[in-house]
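Residue-level listing of the chains:
Protein chains: 2
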Amino acid sequence: MNRLEERIAKDGIVREGNVLKVDSFLNHQIDIQLLDWIGAEFKRRFEGVEVTKILTIEASGIGIACMTARHFGVPVLFAKKTPTINVDEDKYFSEVASFTHQCINHVFVSKKYLSPDDKVLIIDDFLAHGAALNGLTDLVLQAGAQVAGIGIAIEKGFQDGGRIVREKGYQVESLAIVDAMDPKNGTITFHSQK
Amino acid sequence: MNRLEERIAKDGIVREGNVLKVDSFLNHQIDIQLLDWIGAEFKRRFEGVEVTKILTIEASGIGIACMTARHFGVPVLFAKKTPTINVDEDKYFSEVASFTHQCINHVFVSKKYLSPDDKVLIIDDFLAHGAALNGLTDLVLQAGAQVAGIGIAIEKGFQDGGRIVREKGYQVESLAIVDAMDPKNGTITFHSQK
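As you go down the protein sequences, you meet chains A and B in turn.
Quick note, the first sequence lines up with residues 0 to 193 if you use my numbering.
Quick note, the second sequence lines up with residues 0 to 193 if you use my numbering.
Only chain A is shown next, with the shape it has when bound in the complex:
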């Protein structure tokens, strides 16, 4: 197991309904040393890939994106959530379905921060159904920029987001892929990693 998998096994809490709570170290309280390792590991896995910008989505992606950007030496851009689309020629908008909150979030970035020259590494904390990733890649493509790769902390391998996004041809690096979770005894089974 790598460092993230070990931490999930130790401190992750499995709940009914395929819920994995990691708020003691990843998305409420944040272990900065772990995030620094995550950033370094993304840098290692995307070695040789040209990256000019890191794109994530508020709120829980921001910490991971910032600690990753330090290893790449590039700026972070985070997509903002908004309940409504106001007509605004200066922004790219996309939609992100939230399974947790059972609603559609609109997300946007300012057009001036994504250009056709950008090679964008998309970073997020979770990949499950792929709704957030779908919105983020859409923003990159609207700008005429290129998706350099996708870096995910925790992928729920038993849901279909990872398969769908890999079938589109993107390099997806998930540092921990959960193949199965058992809320009764709390066990978490990880996909074997390189």
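No lab work stands behind these hints, which were simulated from the structure alone.
Check the hints yourself; a few may be wrong.
Derived SDA-like pairs (lysine to any residue); straight-line CA-CA distance at most 25 Å [said to hold, decoys possible]:
hint: 1; chain 1: B; residue 1: 90; chain 2: A; residue 2: 10
hint: 2; chain 1: B; residue 1: 111; chain 2: A; residue 2: 6
hint: 3; chain 1: A; residue 1: 79; chain 2: A; residue 2: 143
hint: 4; chain 1: B; residue 1: 9; chain 2: B; residue 2: 172
hint: 5; chain 1: B; residue 1: 79; chain 2: A; residue 2: 12
hint: 6; chain 1: A; residue 1: 20; chain 2: B; residue 2: 111
hint: 7; chain 1: A; residue 1: 79; chain 2: B; residue 2: 35
Since the structure is predicted, the reported quantities are computational estimates derived from the model, not experimental observations.
Mind docking chain B on chain A? Use the hints.
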């Protein structure tokens, strides 16, 4: 001028209604080298102050808090926003008035991540009326923990939040204090710093 003040003078945009837009480097697109400098500068200004945890509020405080936590070697905790208070014995709640969005946000942290032993450094991107700071200090005090200090990237010195929070006896370190802004010619006047 320090590095943050120079950047604000160069790239900050002044709008009518006391709006200072810094979304090209601080709270939409993020310059990671600048955030790393901000973190190091907070560490210098709070030298000798015991800090066990950094507390901020989603979303735009998270990047600064994470890059600051790296210099302190402590975890980050970010308060989450919620439109409603659900009765929940596991969380501390407080209220934050949003002048931008003209509403009250409820914010919360899980009780298990703030203990009476904690010495909490509160970090945020902006200090204007002090509404967010008021909510964050309230969360710390509900936990019986201690506010070790308050670190702010940009303080609007012509609004009253800074005075109010300093009168409570907290050490407040604002890396850039804007004394005046002129939307007509875009000039920004900074308070003289040590």
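*Please name the hints from earlier in the document that this structure breaks, with their numbers sorted from lowest to highest.*
The structure conflicts with no hint, since it agrees with every one listed earlier.
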